[in-house]
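Starting from the given sequences, assemble the full structure and let the hints guide the process.
FYI, my numbering numbers position 271 of the sequence shown as 271, with every residue one higher than the one before it.
Think of the hints as simulated: they come from the structure by calculation, not from any bench. Hints may be right or wrong, so weigh each one.
[As the list claims (entries may be wrong)] Here are the simulated DSSO-like cross-link-like pairs (lysine-lysine), alpha carbons at most 30 Å apart as the crow flies: (1) K113 / K322; (2) K169 / K322; (3) K113 / K5; (4) K119 / K55; (5) K5 / K135; (6) K55 / K2; (7) K322 / K167; (8) K119 / K2; (9) K329 / K104; (10) K135 / K119; (11) K169 / K104; (12) K163 / K104; (13) K104 / K322; (14) K256 / K135; (15) K113 / K298; (16) K5 / K298; (17) K55 / K298; (18) K163 / K322; (19) K135 / K260; (20) K104 / K119; (21) K119 / K5; (22) K298 / K2; (23) K167 / K329; (24) K104 / K167; (25) K55 / K163; (26) K169 / K329; (27) K169 / K113; (28) K260 / K249; (29) K298 / K119; (30) K249 / K135; (31) K135 / K298; (32) K55 / K5.
[Said to hold, decoys possible] Pair by pair, the computed Cβ-Cβ distance ranges are: (33) G328 / F50: 42 to 50 Å; (34) H168 / M40: 17 to 25 Å; (35) F50 / I203: 35 to 43 Å; (36) G328 / E299: 41 to 49 Å.
Every residue gets a Cβ at the ideal spot worked out from N, C-alpha and C, and that includes glycine.
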Amino acid sequence: MKNGKYGCAVWGCGWVSSGHINAYLRNSDCEVVGIGSRRMESIRAKQSEFGMDCKAYMAFDDILNDDSVDIVSICTPNCQHAEEAIRALQAGKHVFLEKPIAIKEEDIPRLLKAAESSKAHTLVAFILRFNPLVKLQRRLVAEGELGRVFMANTDYWFGRERKGWMKHKEETGGAFILAGCHSVDMVRHIIGADIQRVTAQSIMVGDYYEYPPVETAQVQFTNGAIGVFSCSLVGTTPYTANLSILGEKGTIVNDKFFLKRFEGQADYFTLDTGVKKTGDVYGHPFPAMVEHFVECLKEDRESPNNIASAVNAHLTCIAVSKSAEAGGKPVVIDNNTLRFE
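See the structure below:
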């Protein structure tokens, strides 16, 4: 720290990096000391966007070797996340890691080991955990308002133009792990149970992506609940994140609630938490995430939203692609590993 502020560096200058930069600039405990990319024009564009005069890093090692950097945001293509996070942790940097934490099953144990071995702390950018509606849904389930939850379904649909690297399987990992991982994590976070079994299908739509941009899965949770997940990167659809949770004492459908405790209720009632569903990075709760992370760092404690907490959601997404590629053969998630049933 310098002058009582955490030095923050952002590595990667894509769309999502703006959310990280904006959040750091709005936090009085943070100072953006630099922005990095392999392309100087990308760095200059971000500096211009925010009217900043900060360091320009052309190599990740420059960030890791900079003593003024306390926190590094990793906002690079998916395939780079695991290795860069491991290196940052080994260098003693706190890591704000964009999803996905990894796109290959074998990288996850290495990443967990690096996090456990480092004195630095981590935060994964699962933005929906900081959404007020998700917080309310999670609290209602935890307090027993829905009783025993027996089914939880979710959809992530967002047909939009995506950058070039996102069309490649080796760089992206698949539809769910590229984008639908938000919804997968949201469901398991709300009901407080991990996913333990996945049976999936996928289809090719259009010719832009090198991998199936549409995936669906039937899942089983550790608490006995079942669910159906879907993800589509294509189609004429705006950002859509559907959620349905059915319990013995109540049901949640997005922001609508039907609870047994309210006798005489004839239909769902709606609770407005003031947050609109949006795919716009400026509409995501990055400022709240940075505020939370800073508080964790001040108290030298791990965030409940750290790398370890994100593993099950990522393994689920990897399992979806693995099952679909095997013609729908079930995949079991067991002790942070995957195996065919």
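Here is what the structure says about each hint:
With a C-alpha separation of about 24 Å, the suggested pair K113 and K322 falls inside the 30 Å cut-off, and the hint holds. A hinted pair counts as satisfied when its Cα atoms are at most 30 Å apart, and K169 with K322 qualifies at roughly 13 Å. Between K113 and K5 the alpha-carbon distance is near 28 Å, which keeps this suggested pair within the 30 Å criterion. Proposed proximity of K119 and K55 is supported: the alpha carbons are some 26 Å apart, at most 30 Å.
Note on K5 and K135: the hinted pairing holds, with a Cα-Cα distance of about 29 Å set against a maximum of 30 Å. Distance hint between K55 and K2 is fulfilled; the C-alpha atoms sit about 15 Å from each other, no more than 30 Å. In summary, the hint linking K322 to K167 is supported, as the alpha carbons are separated by about 18 Å, within the 30 Å threshold. For the hint linking K119 to K2, the alpha-carbon distance of about 19 Å falls within 30 Å, and the restraint holds.
Distance hint between K329 and K104 is fulfilled; the C-alpha atoms sit about 19 Å from each other, no more than 30 Å. A threshold of 30 Å between alpha carbons decides the hint, and for K135 with K119 the separation of about 29 Å falls inside it, so the pair holds. Only pairs whose Cα atoms come within 30 Å are accepted, and K169 paired with K104 is accepted, the gap being roughly 11 Å. Taking the CA atoms of K163 and K104, the gap is near 21 Å; set against the 30 Å cutoff, the hint holds.
Distance check on the hinted pair: K104 and K322 sit about 11 Å apart at the alpha-carbon level, within 30 Å; holds. At most 30 Å may separate the alpha-carbon atoms for a hinted pair to count; K256 and K135 meet this at roughly 14 Å. Straight-line distance between C-alpha atoms of K113 and K298 comes to about 23 Å, which keeps the hinted pair within the 30 Å bound. Of the supplied pair hints, the one linking K5 and K298 holds, its CA atoms being roughly 11 Å apart against a limit of 30 Å.
Using a Cα cut-off of 30 Å, the hinted pair K55 and K298 holds, with the two alpha carbons roughly 25 Å apart. Between the alpha carbons of K163 and K322 the distance comes to roughly 24 Å, so the proposed pair stays at or under 30 Å and holds. Restraint check for K135 and K260: the C-alpha separation of about 20 Å stays at or below 30 Å, so the hint holds. The hinted pair formed by K104 and K119 meets the criterion: a straight-line CA distance of about 25 Å does not exceed 30 Å.
Taken as a hint, the K119 and K5 pair is honoured in the structure, with Cα atoms around 19 Å apart against an allowance of 30 Å. Distance restraint check for K298 and K2: the Cα-Cα separation of roughly 14 Å lies within the 30 Å cut-off, and the hinted pair is therefore satisfied. Distance restraint check for K167 and K329: the Cα-Cα separation of roughly 25 Å lies within the 30 Å cut-off, and the hinted pair is therefore satisfied. Among the hinted pairs, K104 with K167 is consistent with the structure: their alpha-carbon atoms are about 17 Å apart, no more than 30 Å.
Between K55 and K163 the alpha-carbon distance is near 26 Å, which keeps this suggested pair within the 30 Å criterion. Restraint check for K169 and K329: the C-alpha separation of about 20 Å stays at or below 30 Å, so the hint holds. A C-alpha spacing of about 26 Å is found between K169 and K113, which places the hinted pair at or below 30 Å, so the restraint holds. About 5 Å separates the Cα atoms of K260 and K249, which keeps this hinted pair within 30 Å; it holds.
Distance restraint check for K298 and K119: the Cα-Cα separation of roughly 13 Å lies within the 30 Å cut-off, and the hinted pair is therefore satisfied. The straight-line distance between the Cα atoms of K249 and K135 is roughly 19 Å, inside the 30 Å bound, and the hint therefore holds. About 23 Å separates the Cα atoms of K135 and K298, which keeps this hinted pair within 30 Å; it holds. Distance check on the hinted pair: K55 and K5 sit about 16 Å apart at the alpha-carbon level, within 30 Å; holds.
At about 47 Å, the beta-carbon gap between G328 and F50 stays in the expected band of 42 to 50 Å. Between H168 and M40 the C-beta distance comes to about 24 Å, which sits within the given range of 17 to 25 Å. At roughly 41 Å, the beta-carbon separation of F50 and I203 lies within the given 35 to 43 Å, and the hint holds. Here the CB-CB span from G328 to E299 is close to 46 Å, well matched to the stated 41 to 49 Å.
The structure shown violates none of the earlier numbered hints.
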